[in-house]
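Keeping their order, the protein sequence lines are chains A and B. Mapping the first sequence onto the working numbering, position 62 (from 1) lands on 62, and the numbers just tick up by one. Mapping the second sequence onto the working numbering, position 302 (from 1) lands on 538, and the numbers just tick up by one.
Be careful, since some hints might not be right.
[Stated by the list, open to error] Label-pair restraints from in silico Cβ distances:
(1) Ile602/B to Gln70/A: 52 to 62 Å
(2) Glu220/A to Ala582/B: 39 to 49 Å
(3) Lys574/B to Glu220/A: 52 to 62 Å
(4) Glu261/B to Arg11/A: 32 to 42 Å
(5) Glu25/A to Gly386/B: 46 to 56 Å
(6) Glu220/A to Arg575/B: 49 to 59 Å
[Said to hold, decoys possible] Chain A is nowhere near these chain B residues, computed Cβ spacing over 10 Å in every case:
(7) Gly270
(8) Gly272
(9) Thr482
(10) Arg516
(11) Ala520
(12) Gly548
(13) Lys570
(14) Met603
(15) Val627
(16) Gly633
(17) Ser636
[To be verified] Okay, the calculated bits of chain A under chain B, using three or more residues with CB under 8 Å as the criterion:
(18) 117-126
(19) 136-147
Derived from the structure by calculation, the hints contain no laboratory data. These numbers were taken from a predicted model, which means no experiment stands behind them. Beta carbons are placed, not taken as given, at the ideal position from N, Cα and C, and that holds for glycine.
Here are the chains, one letter per residue:
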Amino acid sequence: MTSAGELWVCRLGTVEYRKALALQEQIRTARQSDAVSDTMLLLEHPRVYTRGRRSGADELTLPDEFYRAQGIEIVDVNRGGKITYHGPGQLVGYPIVAVDDVVQYVRTLERALVAALHQAGVADARARPEDGPDYTGVWVRDRKIASIGVHVQRGVTTHGWAINVDNDLTPFDWVVACGLDGVRMTSLAAETGRPGPLLPSFSGLAVTSIADALDCVEREMSLAELEAATATAAPA
Amino acid sequence: MSSSLTENATLVDVTMPQMGVSVAEGTIVAWRIGVGDRIEAEQTIVEISTDKIDSEVPAPVTGVLAEILVEPDQTVEVGTVLGRIAVGDGEAAPAPPSPSAPAADEPDAPAPAAAQAEPPAPAASRPAASKSADGRRYSPVVQRIAAEHGIDLASVTGTGRGGRVRKQDVLAVVNGTTPPAEAAPEPPMHIESPYRPDPDVPSRPRTPKPTPVVTGSDTDPPILSRMRRTIGERMKQSLDTAATCTTWIEADMAGVEAARARVGVTALAFVARATVETLREFPALNAWLNGEEYARVQDVNLGIAVSLGEDGLIVPVIHRAQELSVEGLAARIKDLAKRARARELAADEVLGGTFTITAPGQYGSIMATPVINQPQVGILDFEAVVKRPVVVTDHDGNDSIAIRPMTILGMSWDHRALDGALAAQFLAAVRDRLQAVR
Chain A
1 MTSAGELWVC
11 RLGTVEYRKA
21 LALQEQIRTA
31 RQSDAVSDTM
41 LLLEHPRVYT
51 RGRRSGADEL
61 TLPDEFYRAQ
71 GIEIVDVNRG
81 GKITYHGPGQ
91 LVGYPIVAVD
101 DVVQYVRTLE
111 RALVAALHQA
121 GVADARARPE
131 DGPDYTGVWV
141 RDRKIASIGV
151 HVQRGVTTHG
161 WAINVDNDLT
171 PFDWVVACGL
181 DGVRMTSLAA
191 ETGRPGPLLP
201 SFSGLAVTSI
211 ADALDCVERE
221 MSLAELEAAT
231 ATAAPA
Chain B
237 MSSSLTENAT
247 LVDVTMPQMG
257 VSVAEGTIVA
267 WRIGVGDRIE
277 AEQTIVEIST
287 DKIDSEVPAP
297 VTGVLAEILV
307 EPDQTVEVGT
317 VLGRIAVGDG
327 EAAPAPPSPS
337 APAADEPDAP
347 APAAAQAEPP
357 APAASRPAAS
367 KSADGRRYSP
377 VVQRIAAEHG
387 IDLASVTGTG
397 RGGRVRKQDV
407 LAVVNGTTPP
417 AEAAPEPPMH
427 IESPYRPDPD
437 VPSRPRTPKP
447 TPVVTGSDTD
457 PPILSRMRRT
467 IGERMKQSLD
477 TAATCTTWIE
487 ADMAGVEAAR
497 ARVGVTALAF
507 VARATVETLR
517 EFPALNAWLN
527 GEEYARVQDV
537 NLGIAVSLGE
547 DGLIVPVIHR
557 AQELSVEGLA
567 ARIKDLAKRA
577 RARELAADEV
587 LGGTFTITAP
597 GQYGSIMATP
607 VINQPQVGIL
617 DFEAVVKRPV
627 VVTDHDGNDS
637 IAIRPMTILG
647 MSWDHRALDG
657 ALAAQFLAAV
667 RDRLQAVR
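Working from the sequences, and respecting the hints, build out all of it.
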């Protein structure tokens, strides 16, 4: 392994969903061959609903034209799980890391995000593993503030977490988010009442907290540096 | 992982991997290839999901998928054989799955040989079982029990189909009893495995009166519904987590009995109101304890256990119960119970509880030791109100025996979060509030 114990953090700004997915897969290949260290992409997506393979037809409750009129793309993703929403103001992290125990890893992400939210002033943020896998993520009482979805291939993760910082929450009301009917979403802005933008300061807390939880030292990488490292590991 | 020789092809098992120490089972999401398709070692052959985490299972060897034993959406135990890959003429040994092993290390099995090997007919509904040296097939459960108790399976008489050794056969050897002598009717195929698709849970609660269920029939192995399994896991987890103690106190319900007749609400509503007020006075009990993380909660979000008859129970939550009067609480309890039984609760109506009341007293029971609803730290049990002879003292200090409607309030509490003195003070305060009702 190169640079053991480092978490390479790459801030990408706003990236289209499919483009980010392709980048994750490229880094995953490199991570599987140990060409890169554990890496986390930090980004925001333009407004998009992503549908998993197990998404029911009834999760999109309104006609497709409505969503298009709202400027929300609908992307079908080759993953399990249910429908979810991403949009500007929501901080998304895709850790591409080698893990032994995926359940422990998810619990670790939950703990890290809870710690970051506590520092950001959301004292009631908590994970609720006791309620079962449907409640994976971070909650403020009965409202969901962060979602987690993980995919593992040959010991390396893709996908990750999304935390509502100061995004518009109404698109969640237009679908049955996460397949849980009636779950209310909340955001850091809604919980603290602080004026935005909150994302730049919160992303620092989130990165530090996740690097700590994964027992890694964070190292900022530009996309160019990251791509240079992965290029050496391109599949034959 | 086991393999066996079939004609000129070796069959290599693809098993449900152990994805984490806490993971006991996984669900098939999708097979990437079909029976008869060729796959290279380390390529993803099947996608699985454990605790909503998706994983790709790599093929252990290069070969042709000979059979699929577990279909999508089925949930099976770790180690269960999901399918089998037919490998050439046996020269390619199964490689242990290694997350970072380069695929090129795998010796390529000769493809034509694999293709000539007649793949066994797909047997989707066959139980996951592997063949042993004695030529008999054993399910993973049977193998595990045998291994744990050092039993030679070849010596066990099988009472299953075609002499198959079933779980009860091994258990009979373990317990020193003999398997049932009478020839049982042919059991369904999945009889050895405790993991099977859930039976259809009736969408409506059946008659609340439990009817005796005839069990023990080989053709109808008893199986717990998903709800029962979930309740069982949560309760066990609670008992394993909390330092559970139970404290009881007696309360004279004469005032409540008179008031409920007048106001037209249940005694439970008065107990709920008294509990909510007392929780505001003792915030240590209106809290969540997650490991070392202990948080007192401002609002009282009161859970009320609602029986769903034979199916189980559910605990809808009255959020911000401190804002409600006795009448308001009574109305909310009635509404939530009705909708719980109709399976119409929204997800957030069963979430976020800070304290729970359970009231199974309508059958006349007087005491119980309830299990704490994690991560809460207390649960109050309200049972039957029964007329009893009790000693009462008048203003002049004279004692006499009177007939009073009494109840025993029990509270299970977590000794990690508080001590018995506080629990007793809390219960005494609830009692005093109830006895002050006029």
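Each hint, compared with the structure:
Checked against the hint of 52 to 62 Å, the pair Ile602/B and Gln70/A passes, with Cβ atoms roughly 59 Å apart. Between Glu220/A and Ala582/B the CB atoms are about 43 Å apart, so this pair conforms to the stated range of 39 to 49 Å. Range check, Lys574/B to Glu220/A: about 56 Å between beta-carbon atoms, so the 52 to 62 Å window is met. The hint said 32 to 42 Å for the Cβ distance between Glu261/B and Arg11/A, and at roughly 38 Å that hint holds.
For Glu25/A and Gly386/B, the Cβ-Cβ distance of about 47 Å falls inside the hinted range of 46 to 56 Å, so the restraint holds. Separation of Glu220/A from Arg575/B is about 51 Å and conforms to the stated range, judged on CB atoms against 49 to 59 Å. At roughly 17 Å, the least C-beta separation between Gly270/B and chain A is larger than 10 Å, which holds for a residue marked as non-interface. No Cβ of chain A approaches the Cβ of Gly272/B within 10 Å, the least distance being about 23 Å, so the stated non-interface status holds.
Every CB of chain A lies more than 10 Å from the CB of Thr482/B, the least distance being 21 Å, so the non-interface label holds. Remark: the non-interface label on Arg516/B is consistent with the geometry, its nearest Cβ contact in chain A lying 17 Å away (cut-off 10 Å). Distance check for Ala520/B against chain A: the nearest CB is about 17 Å away, which clears 10 Å, and the non-interface claim stands. No Cβ of chain A approaches the Cβ of Gly548/B within 10 Å, the least distance being about 14 Å, so the stated non-interface status holds.
With a least CB separation of 20 Å from chain A, Lys570/B remains clear of the 10 Å interface cut-off, as annotated. Non-interface call for Met603/B relative to chain A: holds, since the shortest CB-CB distance, roughly 27 Å, exceeds 10 Å. No beta-carbon of chain A is positioned within 10 Å of the beta-carbon of Val627/B; the least distance is around 44 Å. The beta carbon of Gly633/B is kept farther than 10 Å from every beta carbon of chain A, the shortest such distance being approximately 50 Å.
Every CB of chain A lies more than 10 Å from the CB of Ser636/B, the least distance being 50 Å, so the non-interface label holds. Residue count for the segment 117-126 of chain A with a Cβ under 8 Å from a Cβ of chain B: 3. That meets the three needed, and the coverage hint holds. Note: the segment 136-147 of chain A has 5 residues with beta-carbon separation from chain B under 8 Å; the three-residue rule is met and the coverage holds.
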